[in-house]
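Undergrad: One-letter residues, chain by chain:
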Amino acid sequence: MTTLFQQLINGLSLGSIYALLALGYTMVYGIIKLINFAHGDIYMLGAFWGYYTINYWHFNFIFALLSAMVVCAASGVIIEYFAYRPLRHAPRITALITAIGVSYFLENGMSYLYGADTRDFPQVIKQVNYNLWGVRVSNIQILILVTACLLMILLQLIIKKTKMGRAMRAVSVDPDAAELVGININQTISFTFALGSSMAGAAGVLIGLYYNSIDPLMGMTPGIKAFVAAVVGGIGSVPGASLGGFLIGLLETAVQSIGLSAYKDAAVYLVLIIILLVLPSGIFGKNVKEKV
Amino acid sequence: MAMLEVKDLAVNYGVINAVKGVSFHINEGEIVSLIGANGAGKTTILKTISGLLKPVSGTITYEDNPIQKYKAPKIVAAGISQVPEGRHIFAGMSVRENLQMGAFLQNNRAEITNSFETVYARFPVLKERINQDAATLSGGEQQMLAMGRALMSKPKLLLLDEPSMGLAPIFINEIFEIVKAIKEQDTTVLLIEQNAKKALSIADRGYVLASGKVKMTGTGQELLANQDVQKAYLGG
Ligand SMILES: Nc1ncnc2c1ncn2[C@@H]1O[C@H](COP(=O)(O)OP(=O)(O)OP(=O)(O)O)[C@@H](O)[C@H]1O
Ligand SMILES: [Mg+2]
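Each protein sequence line maps, in turn, to chains A and B.
Residues in the first sequence are numbered consecutively from 1, following UniProt numbering.
Residues in the second sequence are numbered consecutively from 1, following UniProt numbering.
Hints may contain errors.
[Claimed, not checked] Pairs of lysine-lysine residues, derived as DSSO-like cross-links and limited to a Cα-Cα distance of at most 30 Å, are as follows:
1) Lys180/B with Lys127/B
2) Lys163/A with Lys69/B
3) Lys183/B with Lys198/B
4) Lys127/B with Lys163/A
5) Lys33/A with Lys156/B
6) Lys161/A with Lys215/B
7) Lys69/B with Lys160/A
8) Lys33/A with Lys215/B
9) Lys163/A with Lys231/B
10) Lys71/B with Lys33/A
11) Lys198/B with Lys20/B
12) Lys54/B with Lys163/A
13) Lys71/B with Lys197/B
14) Lys161/A with Lys74/B
15) Lys161/A with Lys20/B
16) Lys161/A with Lys231/B
17) Lys74/B with Lys197/B
18) Lys163/A with Lys74/B
19) Lys215/B with Lys160/A
20) Lys197/B with Lys215/B
21) Lys197/B with Lys180/B
22) Lys156/B with Lys127/B
23) Lys198/B with Lys163/A
24) Lys20/B with Lys74/B
25) Lys71/B with Lys20/B
26) Lys160/A with Lys127/B
27) Lys160/A with Lys154/B
28) Lys20/B with Lys163/A
29) Lys33/A with Lys163/A
30) Lys231/B with Lys33/A
Simulated from the structure, these hints should not be mistaken for laboratory data.
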């Protein structure tokens with residue numbers, strides 16, 4: 001029983017980071033139907049930003065987190081502007097390959113500039129472990145969960161309640177109709193990249209705190225897992241991405257806890273395959289057809 | 001001076017010339033109808049006026065300004081609103097949210113409230129279904145929603161692309177009554193229709209299009225009485 005709760009806590013902490021990342025995949029896919037393979041690298045940029053600002057500018061956690069979100073939002077907007085916008089009307093595969101190119105560019109660019117070695121993420125918050133009825137919970141885990149949940153609620157409010165959020169949804173459903181009511185498509189897409197990338201930036205700082213180590217290739221595997229999370233939740237669905245992230249996190253810790261650490265990644269892909277067979281459009285995937 | 005003057009308009013899709021030098025005008029307060037067979041270029045003309053497509057040549061002058069280079073949002077802001085062919089309502093959003101999207105460029109809350117009231121008065125069915133997902137409305141209700149959404153921006157010129165498409169006769173009559181009523185309330189209307197008989201009977205003037213060109217023009221009554229028009233578009 002205690003092990004179960006222990007794994008639940010571990011799984012939720014990890015899952016909340018996947019969830020933050022998955023949101024970016026799902027929002028960008030929703031609006032321009034692009035799987036942004038460079039998204040995991042934005043998360044890496046966030047982690048590096050946190051590393052530098054905490055070490056050299058002595059930022060506290062909140063400042064590091066917020067500034068990483070801003071910097072990553074800007075990076076996302078710049079990437080979209082230079083790499084994806086010129087291909088807006090090109091075949092989808094062209095943009096997809098470009099996204100892979102951007103990903104390599106960021107990974108290798110960072111390796112070139114800062115070296116490919118792994119670094120210790122500064123312990124900006126001292127880890128304290130609490131023992132609750134035999135379950136070990138650290139303050140970092142609580143911080144990760146709370147921060148991630150707050151950000152997801154904030155995102156949901158932006159999407160549901162603000163004008164830009166409505167514009168995002170309108171452009172995802174029907175770009176032509178959105179233009180006809182006066183929505184600026186380019187601005188809306190930039191805004192979507194900014195939002196999604198800021199979530200990735202936050203995830204990067206949080207993972208740094210959690211695992212204590214970062215490197216230029218750290219975005220690859222979590223990026224793919226978060227993408228799987230988005231597909232499992234139903235790509236294009238925001239609540240789906242959050243749920244998918246938590247599920248993947250829980251699954252991974254569960255597999256690890258029964259001693260199959262080596263197979264935890266395989267388990268994630270197995271779930272992907274099963275979900276796609278049973279529910280091709282994911283848990284919250286929609287199959288709404290407009291009446292004609 | 002006409003409210004909207006389209007001159008020598010040509011529009012291509014890649015190498016396909018869809019519209020080949022079309023000229024027509026709309027005076028303030030009129031209903032003008034463009035009729036023509038499938039593929040004549042009607043939708044293409046409408047999309048070009050509303051800024052979704054760019055012409056290769058020709059001019060579109062609206063209230064004395066050349067607007068053919070404007071992007072769609074700027075054209076909406078200028079007072080031209082389009083109801084697209086096939087409705088294009090926002091699926092997954094409620095009826096109220098769809099209407100709200102129609103007032104996207106309006107920031108004054110009082111104006112938006114006023115637009116809501118006008119639209120609900122014009123389309124009482126929509127008011128009964130404000131919280132329903134727009135995708136679950138019937139075809140006729142979706143058409144009304146699309147028209148209501150376009151009216152939310154308080155347009156001076158309303159562009160309607162086949163509002164009667166796919167509707168039962170009783171709904172078709174209702175839609176045409178509504179178009180007339182919209183005109184009575186000082187909104188100028190450009191009406192595209194396959195249902196040429198109905199369209200011409202409520203239009204002040206009409207233009208007959210065929211393969212990207214204007215073939216004929218006249219008042220609604222003149223065109224209805226014309227032998228060629230009867231043969232080609234009114235089923236003898
Ligand atoms: N996206 C497109 N790409 C290529 N050709 C197109 C495209 N859209 C329309 N066309 C072509 O342009 C011509 C005019 O089409 P348009 O849709 O304007 O006709 P329409 O008069 O509205 O017809 P309908 O009554 O069937 O709606 C047609 O020959 C059509 O095949
Ligand atoms: Mg058409």
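Undergrad: Are the hints correct? Go through all of them and say.
TA: Hint check results:
With a C-alpha separation of about 21 Å, the suggested pair Lys180/B and Lys127/B falls inside the 30 Å cut-off, and the hint holds. With a C-alpha separation of about 26 Å, the suggested pair Lys163/A and Lys69/B falls inside the 30 Å cut-off, and the hint holds. Distance check on the hinted pair: Lys183/B and Lys198/B sit about 15 Å apart at the alpha-carbon level, within 30 Å; holds. For the given pair, Lys127/B sits about 22 Å from Lys163/A by alpha-carbon distance, which is consistent with the 30 Å threshold.
In summary, the hint linking Lys33/A to Lys156/B is not supported, as the alpha carbons are separated by about 35 Å, beyond the 30 Å threshold. Restraint check for Lys161/A and Lys215/B: the C-alpha separation of about 50 Å exceeds 30 Å, so the hint is violated. Taking the CA atoms of Lys69/B and Lys160/A, the gap is about 33 Å. The hint is violated against a cut of 30 Å. For the hint pairing Lys33/A with Lys215/B, the CA-to-CA distance comes to about 42 Å; that exceeds 30 Å, so the pair is violated.
Among the hinted pairs, Lys163/A with Lys231/B is inconsistent with the structure: their alpha-carbon atoms are about 50 Å apart, more than 30 Å. A hinted pair counts as satisfied when its Cα atoms are at most 30 Å apart, and Lys71/B with Lys33/A qualifies at roughly 23 Å. Taken as a hint, the Lys198/B and Lys20/B pair is honoured in the structure, with Cα atoms around 27 Å apart against an allowance of 30 Å. Restraint check for Lys54/B and Lys163/A: satisfied, since their Cα atoms lie roughly 28 Å apart, inside the 30 Å limit.
Among the hinted pairs, Lys71/B with Lys197/B is inconsistent with the structure: their alpha-carbon atoms are about 34 Å apart, more than 30 Å. Our distance criterion of 30 Å between C-alpha atoms is met by Lys161/A and Lys74/B, whose separation comes to about 24 Å. Taken as a hint, the Lys161/A and Lys20/B pair is broken in the structure, with Cα atoms around 45 Å apart against an allowance of 30 Å. Restraint check for Lys161/A and Lys231/B: the C-alpha separation of about 54 Å exceeds 30 Å, so the hint is violated.
Between Lys74/B and Lys197/B the alpha-carbon distance is near 34 Å, which puts this suggested pair outside the 30 Å criterion. Under the criterion of a C-alpha separation no larger than 30 Å, the hint pairing Lys163/A with Lys74/B is consistent with the structure, at around 18 Å. Under the criterion of a C-alpha separation no larger than 30 Å, the hint pairing Lys215/B with Lys160/A is inconsistent with the structure, at around 49 Å. Note on Lys197/B and Lys215/B: the hinted pairing holds, with a Cα-Cα distance of about 17 Å set against a maximum of 30 Å.
This hinted pair checks out: Lys197/B and Lys180/B have alpha carbons roughly 15 Å apart, not beyond 30 Å. With a C-alpha separation of about 24 Å, the suggested pair Lys156/B and Lys127/B falls inside the 30 Å cut-off, and the hint holds. For the hint linking Lys198/B to Lys163/A, the alpha-carbon distance of about 39 Å lies beyond 30 Å, and the restraint is violated. As the CA atoms of Lys20/B and Lys74/B are separated by approximately 25 Å, the hinted pair is consistent with the 30 Å bound.
In summary, the hint linking Lys71/B to Lys20/B is supported, as the alpha carbons are separated by about 22 Å, within the 30 Å threshold. A hinted pair counts as satisfied when its Cα atoms are at most 30 Å apart, and Lys160/A with Lys127/B qualifies at roughly 21 Å. Simply put, Lys160/A and Lys154/B have alpha-carbon atoms about 25 Å apart, close enough for the 30 Å limit, and the pair holds. A C-alpha spacing of about 40 Å is found between Lys20/B and Lys163/A, which places the hinted pair above 30 Å, so the restraint is violated.
For the proposed pair Lys33/A and Lys163/A, the alpha carbon gap of about 22 Å is at most 30 Å, so the pair holds. Simply put, Lys231/B and Lys33/A have alpha-carbon atoms about 46 Å apart, too far for the 30 Å limit, and the pair is violated.
Checked against the numbered hints above, the structure breaks hints 5, 6, 7, 8, 9, 13, 15, 16, 17, 19, 23, 28 and 30 and satisfies the rest.
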